[in-house]
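S.K.: Residues per chain, in single letters:
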Amino acid sequence: MSSSSYSSATLSTGYTWRNALKAGLIFGIVTLFIVLVGLVNTFGERDIIYNVISMGQTLLLSMSIIGGYLTGRRTSDQSPGFSALYGLIVGLTTGAVIGLYLMLASTVNLRDIFVNSSNELLTLLSFGMDPLAGAAVLVVLFGVFGAVGALISRSAPLLRRALVTGLLTVVVLGVLEDFLNVLLSTGFLKPVAGFLFARSGLTIEGAVVLFVFSTGLRLAQPFLKRTTAPAVEWLDQPGRKPVKYGLITIVVLPLLLSLPWVLQLYLSDVLDNVGLFILMGLGLNIVVGYAGLLDLGYVAFFAIGAYTTALLTSPESYLGWEWTFWEALPLAMLAAGLAGILLGVPVLRMRGDYLAIVTLGFGEIIRLLALSEALKPYIGGSTGILGVPKPVFFGIELKDAQYLYYVILAGCLIALYVSWRLSDSRIGRAWIAMREDEDVAEAMGINLVQYKLMAFATGAMFSGMAGAIFASKLGSIFPHSFNLLISINVLSLIIVGGMASLPGVFVGALILVGLPELLREFSEYRLLMYGAALVAMMLLKPEGFWPAAQRRRELRAEREAAAAKEMAEAVVTTTAE
Amino acid sequence: MRKRLLPSQFDITSVVVWGIGILILAVVVGGSIATLRQGIYAPSVWLDFFIFGLAQGSVYALIALGYTLVYGVLFMINFAHGEVFMSGMYIAFYFARAFDESGFLNRNPIVALLIITLVSMTVSTSIAVVLERVAYRPLRRAPRLVPLITAIGASFFLQNAFRGLFGPRTKVYPDVDILKGSWTVFGIEILKIQVIVIIAALIMMIGLYLFVQYTKVGRAMRAVAEDKDAAALMGIDVDRVIVITFAVGAALAGAAGILYALLFKQVTHTVGFIPGIKAFTAAVLGGIGNIPGAMLGGLFLGIFESLGPNLFFSGLNIPAPNQLKDAIAFTMLVLVLIFRPTGILGEALAEKKA
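Going down the list, the sequences are from chains A and B.
Those letters in the first sequence? Residues 1 to 577, per the numbering used here, in order.
Those letters in the second sequence? Residues 578 to 931, per the numbering used here, in order.
Next up, chain A with everything else stripped away, as it sits in the complex (with noise of 0.2 Å):
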């Protein structure tokens, strides 16, 4: 490797063309893997601009703008005009691979094997023109691309940032374009709307309007920082704390109470869900994030308080005691939180990855159970149990998702006040121990089982709560709403968002379950998403989006010591040659 390097004309960090060309050739897989799982064809219909570039293309252009930029930054020691050209050939050489995709897939039928080969596709690639013209367009479009990306990517920090602010505004206000003209066509910013927003993604001149904007703003940050800075530390003193927290409610809490009727009732339903989701966050946190038991079967307790919930409440249960749903959500918490302590127990002794599986196995066996014929008489079988009553409070009775949702946010923030005040209590700090190092922890007095079991049984009743109002908002539960993948959504949101950070649950919820909904061509693309985010998270972002205080800090120690690490490993090895 060494031999090859010092051969090449060019410089220091020895990176070649034949680097370029492996960069350009993993980019060229990876991008036509993104064409032929159909995300280019799905997203073909809406447009980011309208009439002017769809998000199909978007999303293939942006593979090689990334691409130029990865690269970029890989040859920043060298002159700006070697990195565009790296980026230009690494965009060339992703272009080629798709453009020999689109010979192939007009000559031979692959339609048999990639469901998604189809004629739209190759149309859409090929801009409407026969397949060499639209390929040649294609390379050549995909190496500007590539080298444009090298090139902000080189360009000063301040004007870097900015240009990517720009381009992502646009794209994301373009993509969101549905859920902003609904959120904007009352009231007085019905022009707004108008103005930047066409029949399918942005007026040509509202893109050139936010681009401006977004950059402006970026641009002006530094100097905006400066004048905020006075107040903001004002703020931050010690004795202010109760004037800061008193601001952030008085804007926060009337926003949250009108947002279903800002919303209106589709949006809400989706509100609705992204907090169920934010409830049972919160509550495998405190599981996983607080205390490092990994529970893959956390869909069980959803399960449970939503089963307790329909056999109280539902007239045509098994029990059909007709209870009220305020009578039912505290013995469906209980329930849940009895479930997680007995659950609980066998695994105590179990650790780290071998506790995974087990949960995994006890949520299996939980939905099995609804599921067989054994317990059909009771519980339903796969017909599950219907006539569940929605709540009734005072006399209104919460009917649909914009009632429902204050039901929600209730219980959401009850739930973050707890995790909250737990988080640095003794409890908590009991747990984070245990979390760093269970045999130290037990050797400073910290009883394992209790604090376990105190982790089960609080994160198995928030979870119940979030399936009592399941059970209540749907009206009927069946088996298949249990499945694995409920317990996989909710531990994707945790490590998106940070583990045992609690707005990192916010975030992880809105990105990963309000997104998809929002986009709903995108929502079959959901799970395939999820696998991905977990992969990209743990590679590149192990602490998420919002990290805790404490797990930020440790991580940087982490990899520090890494670092110091492989440095005298590298030591090593030079004085061993």
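Keep in mind the hints are simulated off the structure, nothing from the lab.
Heads up, the beta-carbon is just placed ideally off N, CA and C, and yes, glycines get one too.
Any given hint might turn out to be false.
Computed footprint of chain A on chain B, listed as stretches where at least three residues anywhere in the stretch have a Cβ under 8 Å from a Cβ of chain A [as the list claims (entries may be wrong)]: (1) 713-719; (2) 908-915.
So, partial list: chain B residues that the calculated Cβ filter (under 7 Å) puts toward chain A [said to hold, decoys possible]: (3) 727; (4) 741; (5) 904.
Given the coordinates of chain A, work out where chain B should sit on it, guided by the hints.
M.R.: Using the frame of chain A, we list chain B on its own:
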């Protein structure tokens, strides 16, 4: 002093755990006696169950070897191994279909099946090697939960990538004429296909055992499993050995995929998940990290799962006992990890290193 919620750590957990154990034992013994006394199934039916279980178990055993090999070397549960198993048979399906359409499959069944198996093994191996390179290698020094979460993510990614690429429809493997029908051995009628699956799996298991015991690479694998740093000092390229370990495990999974496809015919993107978890159960049952253990565990689980539901539940008048097949396997996993986390042949890994 802090007040304690529970009197003592040992007592309560043990009582609950043993309570659960005794309860399950009671159901199992009571159910079996009731079933046998009522004579619900004729002895020949039990034998059929047994042989089917053996065939199914040999597939589990082959997959379980992949878990055990990787665990032995990296102390990591490769959660995506079930998807590695699925991917091989999924791609090989397209070859099988093409061979079937051209008539090659029934004209030259042995050659065709060998090619299909090779394709499956190659695909599984490539996927496992890429997976190791992209997802696991950068995390080798990370805390233990990190690679596990990555593996879970990879598992879901692979499943849904296949769904996206090849569509959600179930694919049905073509029939092979020479594998139809049955043979009569000592007056017992056995389906040909089951015999072939069992024999093929046995040959591969023996092959693996010889490979690990007697080849240079196998010896290197054992050395790395014993102590990575010491192995590196002895001049073993640890990274290469780890890749080979993944590759060998995946090749066996790829072969298992074809056997599974011959037995059950149907392939979807989710087909690897349940066998994956069951094979993991088998690996734990035999003692994870232990190669003969995984083989034994797989065969045992296969038979247990095939006989179990009918034996335990039929006599208790529980309807549709076979629905609870998977539940039995999971319960078994939980029980083994509670009562004998070392497995049948393993050392105490579950508590120490896990």
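S.K.: Take the hints in turn and mark each one as holding or not.
M.R.: Structure-based check of all given hints:
1. 713-719: holds (count 4)
2. 908-915: holds (count 5)
3. 727: holds, 4 Å
4. 741: It holds, given that the least Cβ distance between residue 741/B and chain A is near 4 Å, below 7 Å.
5. 904: holds, 4 Å
In the structure shown, no violation is registered for any of the earlier numbered hints.
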